[in-house]
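In case you want the letters, here they are:
Number of protein chains: 2
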Amino acid sequence: MKKHNFGAGPCILPQSVLAAAAAAIKDFNGIGLSVLEISHRTKDWEAVMDECRALWKELLNIPDGYQVLFLGGGASMQFMQVPYNLLNKKAAYLDTGVWANKAAKEAKLFGEVEIVASSKDKNYTYIPKGYTISKDADYFHITTNNTIYGSEIHEDMDSPINLVADMSSDIMSRPVDVSKYALIYGGAQKNVGPAGVTFVIVREDILGKVDRTLPSMMDYRIHAKEGSMYNTPPVISIFIMKETLKWLKSIGGVPEIQKRNIAKAELLYDEIDRNKMFVGTVNTEDRSLMNICFVMAEGYGDKEEAFMEFAKKAGMVGIKGHRSVGGFRASTYNALPIESVQAMVDCMKEFEKQNA
Amino acid sequence: MKKHNFGAGPCILPQSVLAAAAAAIKDFNGIGLSVLEISHRTKDWEAVMDECRALWKELLNIPDGYQVLFLGGGASMQFMQVPYNLLNKKAAYLDTGVWANKAAKEAKLFGEVEIVASSKDKNYTYIPKGYTISKDADYFHITTNNTIYGSEIHEDMDSPINLVADMSSDIMSRPVDVSKYALIYGGAQKNVGPAGVTFVIVREDILGKVDRTLPSMMDYRIHAKEGSMYNTPPVISIFIMKETLKWLKSIGGVPEIQKRNIAKAELLYDEIDRNKMFVGTVNTEDRSLMNICFVMAEGYGDKEEAFMEFAKKAGMVGIKGHRSVGGFRASTYNALPIESVQAMVDCMKEFEKQNA
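In order, the protein sequence lines correspond to chains V and C. Just so we're aligned, residue -13 is where the first sequence starts under this note's numbering, counting upward by one. Just so we're aligned, residue -13 is where the second sequence starts under this note's numbering, counting upward by one.
Be a bit skeptical, because a hint or two may be false.
What the hints assert, rightly or not - Chain V stretches covered by chain C per the calculated footprint, using a threshold of three residues with CB under 8 Å from any CB of chain C:
no., region
1, 139 to 153
2, 279 to 291
Claimed, not checked - The calculated label-pair distances, taken between Cβ atoms and stated as ranges, are:
no., chain 1, residue 1, chain 2, residue 2, range
3, V, A342, C, R27, 52 to 58 Å
4, V, G16, C, A300, 58 to 64 Å
5, C, E291, V, E141, 47 to 53 Å
6, V, Q1, C, R27, 53 to 59 Å
7, V, K235, C, K12, 41 to 47 Å
8, C, E100, V, G18, 44 to 50 Å
9, V, G213, C, K91, 52 to 58 Å
10, C, R27, V, E291, 29 to 35 Å
To be verified - Computed list of chain V residues with no C-beta within reach of chain C, every gap over 10 Å:
no., residue
11, G(-5)
12, S2
13, A9
14, E23
15, K43
16, T270
17, G304
Keep in mind the hints are simulated off the structure, nothing from the lab. Beta carbons are placed, not taken as given, at the ideal position from N, Cα and C, and that holds for glycine.
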C-alpha cells in the first residue's frame, strides 16, 4: 500500500531525490568513490557547494549583498547564533508559539528581549497584528510558520528595524522578498532537504556590529569567508539539499510550488470546513499552508482514536497532532503530492459517512 | 581500476556500510519510507539512537557515569562547547598542531588558557613529553592524533586534573581506557562514520560546575537528558555511524581493528624507512597509526610531482600532504584494507626501481 507521508519533519522528500542520494552513496559522479568518502576539499565537492548556493540564489531570487550559508547544529543553534552576532542591547521577538519562544529564551542570554506581541492567550491559534516594533531594538525576530500550531505569516512584512525570520517550515514554499529581511534561517528538514544542515541567508552589512568577541563557529563572517567550509560541512545533508533544490527548479521553481501548495491546502481546509466531524484550530486568515491542524468537532470527541486508526489503515502517516494542540496535523510540505491530500480528504469523507 | 582511498577525511567507509546507507535511503526497515523522511520521534528512529549509543558503550567499554552524545556542528563546535561547559578560570592545553591550536584559541574567550607544552619548534613532528600539568586548571586538553602532521599520543595518560581529548582522527582505532578521560569528543568522519555528526563522551559529574549560564544548545546536560534529541538530530549521519560501528563489531571490535591498524602502519612505515627515495617526517615513537606522513628523501625533491602522478595512475587517492607539511600523507583509517596499503608500498618500490 502506498504511504501518504504527512510527517511534520523530517518529512517527505521527492522520490527522485532519494534515488539520487542512494546512487551518490554508491558512486559519486562516476569517480569510483561514495559521496560519503570524498574529501570536502576536492573539486568534485566544491562543485556541489557552488551549485547548491547558486540554486538558493536563483530559486529565492536573493539580491546581491547577501550570503547563503550551510551550517550544522540545526535551527536551534541559530536561536543562540543570531543574538551572538546581532544582539548588542535589545532585541524584539514576536511570540507565535513554542519555537518563537525558544528563540527568545536563548536571546535573553545576550541582551534584553522585548516580546512585542503574543498569541499565547488563545494557544497560538492566530498571528498577532497591530503591534508596534520598537525602533531601538537591534532586530525583530519572527517565526513565519508555526509547525506545531499550524499558523503562518503569509506576507513579507515591512519592519522599521532589521527583520530576522526563522523560516524552517515554510522556506521555498512561496516566493519571498528577501530584500525585506536582514537574516533568514532554518533547518533543511522540511522543504529543502534532510535533517543535518541549516541554511542562513544574511545581509552582509548587518554583521560585525556587536561589541562581543565571537567564537569562530558562531561568526557568520567566518563561515561566509570560507564558503561554509570553515570546518568539514555536513556533506551528505548538503548533497541531498542540492538535489531537492534541483527538483524544485525542474518542476518550475517557487511560483509553481506555491500554486501546488495552495491547491493542496485549499483541498484539505475545504474538507475540514465542510465535514461535520472535524474543525480547524487556527484563525482562518492565519492558517498555515504547510501544517494543517484540525480536531474532532463538538460531539465527536470520542471518535478521535477511531479516525486515527481509520486513516492509518488507508496509508496516512504522521498525522497525529502535537500534544499541545491535540487532534490531527497534516503537513503538506513541497514534496507531498496532491494525491496524498486527496487520499486524506477521501478518508475524512468516508469516515463521516460511516460515523456522522 | 580499484581506487585506494587514503583521504584524510571525510574518508573511506566500509562497502557494507555504503550499501546499508543506500538501502535505508530507499526503504528504511521495510516500512515503505526513506530513513531521510521519517520523524525522529518514531519508535523506528529511537531504536537507531539506542543501538548507536549501545554500540559506543560496548565497543569502547565506556564505564557507568558517562553520557554518549551525538551532536551537530563538528569538532570545531566542541572547541567552544568544551570551555563553555568546563572552563571557569583556567584551562591547560597541549599544543601539538593546528587543531590543538584552534581549540586553545576558542577557549581563550571563556577564561585563561595555559599552553603547557608545544612542539611547534619542530613543525609539530613530535609529541612533547615531560611537561607539568597545572593542578589549578579546570581541565587539560589534548589532541590525541594530529591529522595534519601525522603524530599521535599512543597511551592514555594519567592527568592530575580532568582530561579532555579531541579524538577526531583516532577514535575506535585502538582500545581506550575511557575512565582516564573526563571528556572525549570528535567528528565522526574518519573512523566512525560520515561528516555531519560529532560524538561527545562525557563523565556526568564534571558538568554544571561553571558559573556562567549556558545557551541550551551548548549545554551537554540538556543533550544528555534529551538523549541527543533536544532538537532534530543529523539523522542520516547518525544512521551511517551506527552502521559503521556495527561493521566494527562484526569484524571483532576495537582489539581486532587495532591489530589491523598496526599491521597496515608497520607495512607502510617499514617501506618508508627502507625506500631510498622517501623519508618519514615524524619522530619515530610518535608516528601516527592513522595518518602516515612522508616526503621525498634528500636528493629526490624534484621527483615529488612525478611520484604523485605515478601513484595516482596506480589508483591512489587523497595522498597529497597538507600544505604545512608537504609531500605525502596516507591516511590508514579503520576502513582502509591492508590491500590498499600493499598497493601503495608496491607503488613506492616500483617508483624506486625506476627512479633511484
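- Regarding the assertion that V/A9 does not contact chain C, is the least Cβ-Cβ distance greater than 10 Å? violated, 8 Å
Q. So does V/K235 sit 41 to 47 Å from C/K12, Cβ to Cβ?
A. violated, 23 Å
- Per the hint of 52 to 58 Å, is the separation of the Cβ atoms of V/G213 and C/K91 within bounds? At 21 Å between Cβs, range violated.
| said: Range first: 53 to 59 Å. Now tell me if the beta carbons of V/Q1 and C/R27 are that far apart. | reply: Distance hint for V/Q1, C/R27 is violated at roughly 23 Å.
Are all beta-carbon distances from V/T270 to chain C longer than 10 Å?
Non-interface label on V/T270 holds, nearest chain C Cβ at 28 Å vs cutoff 10 Å.
(Q) Quick check for students: does the CB of V/S2 sit more than 10 Å from each CB in chain C? (A) Given a closest Cβ separation of 12 Å, the condition holds.
29 to 35 Å as the expected CB spacing between V/E291 and C/R27, which holds or is violated
Given a distance of about 19 Å, which is not inside 29 to 35 Å, the answer is violated.
Looking only at beta-carbon atoms, does the pair C/E100, V/G18 fall within the given range of 44 to 50 Å?
About 47 Å separates the Cβ atoms of C/E100 and V/G18, which means 44 to 50 Å holds.
ask   = In this structure, is the beta-carbon distance linking V/A342 and C/R27 contained in 52 to 58 Å?
value = violated, 32 Å
- Query: Looking at V/E23 again, its CB stays over 10 Å from all of chain C?
  - Reply: Violated, since 5 Å does not exceed 10 Å.
V/K43 non-interfacial with respect to chain C [C-beta, more than 10 Å]
holds, 24 Å
Separation of V/G(-5) from chain C, once the least beta-carbon distance is taken, above 10 Å: It is violated; V/G(-5) is separated from chain C by about 7 Å at its closest Cβ, not greater than 10 Å.
In this structure, the earlier hints numbered 1, 2, 3, 4, 5, 6, 7, 9, 10, 11, 13, 14 and 17 are contradicted, and the remaining ones agree with it.
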